[in-house]
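Whenever a hint applies, use it, and build me the whole structure from the sequences.
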Amino acid sequence: MRLIAAILIAALPCAALAAGSDDTAPPKPTQTSKDCKKGQVWDEKTAACVNPEDARLDDDTRFGAVRELAWAGRPEDARRVLAAMTEGRTDRVMTYDAFTLRKTGRIEEGLKVYEAALVANPRNVLARSYYGQALVDQGEYDMARTQLAEIAAAGATNSWAHQSLARAIETGLTADY
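Counted the way mature numbering (1 follows the signal peptide of the UniProt record, and there is no 0) counts, the sequence shown spans residues -18 to -1, 1 to 159.
Hints listed in this document are in silico derivations from the structure and should not be mistaken for laboratory results. Treat each hint with caution, since some may be false.
[As the list claims (entries may be wrong)] Subject to a maximum C-alpha distance of 27 Å in a straight line, what follows is the list of computed DSS-like cross-link-like pairs (lysine-lysine):
#1 LYS27 / LYS16
#2 LYS20 / LYS10
#3 LYS10 / LYS27
Note that the coordinates shown come from a computational prediction; the quantities given were computed from them, not determined experimentally.
In structure tokens form, the structure reads like this:
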């Protein structure tokens, strides 16, 4: 019985990653955002920038690049990497699809995609935070507060997702990516 419990405990971090990272803090810059151009992704194995469609890259690597490029203010490059992902329209893919749509000025499209991400996974606190910040940008503070309450209900009050949305609601200034 202890062996089964130990195996389950050891597997929990993998299960969390498979379900989508709960790390809502901004990503740290790597070679992808420092050295790679035109939506390319740093490949550790070859120590070079490669096209996002390269079969040596897995979707977790691509997703990390999407987050990093989006945060580096390169939403078009992030969209190129998103297009290369093979996992389909998962909530994490939709979250960054919405984020990059919003950052390229396609706000209404982005709002709809955030909503779809939340239908797919109502506990996606990062989608809720980004969606709430988009609502603050639109002057929809009551709707943004609803997203903040949902993040709290998910037990994520100590996360960047909660803190950044709370700050946006309080100040009217959303996170500058």
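Structure-based check of all given hints:
1. Distance restraint check for LYS27 and LYS16: the Cα-Cα separation of roughly 17 Å lies within the 27 Å cut-off, and the hinted pair is therefore satisfied.
2. Under the criterion of a C-alpha separation no larger than 27 Å, the hint pairing LYS20 with LYS10 is consistent with the structure, at around 19 Å.
3. Restraint check: the Cα-Cα separation between LYS10 and LYS27 comes to about 20 Å, which is no more than 27 Å; the hinted pair holds.
Consistency note: the structure conflicts with none of the earlier hints.
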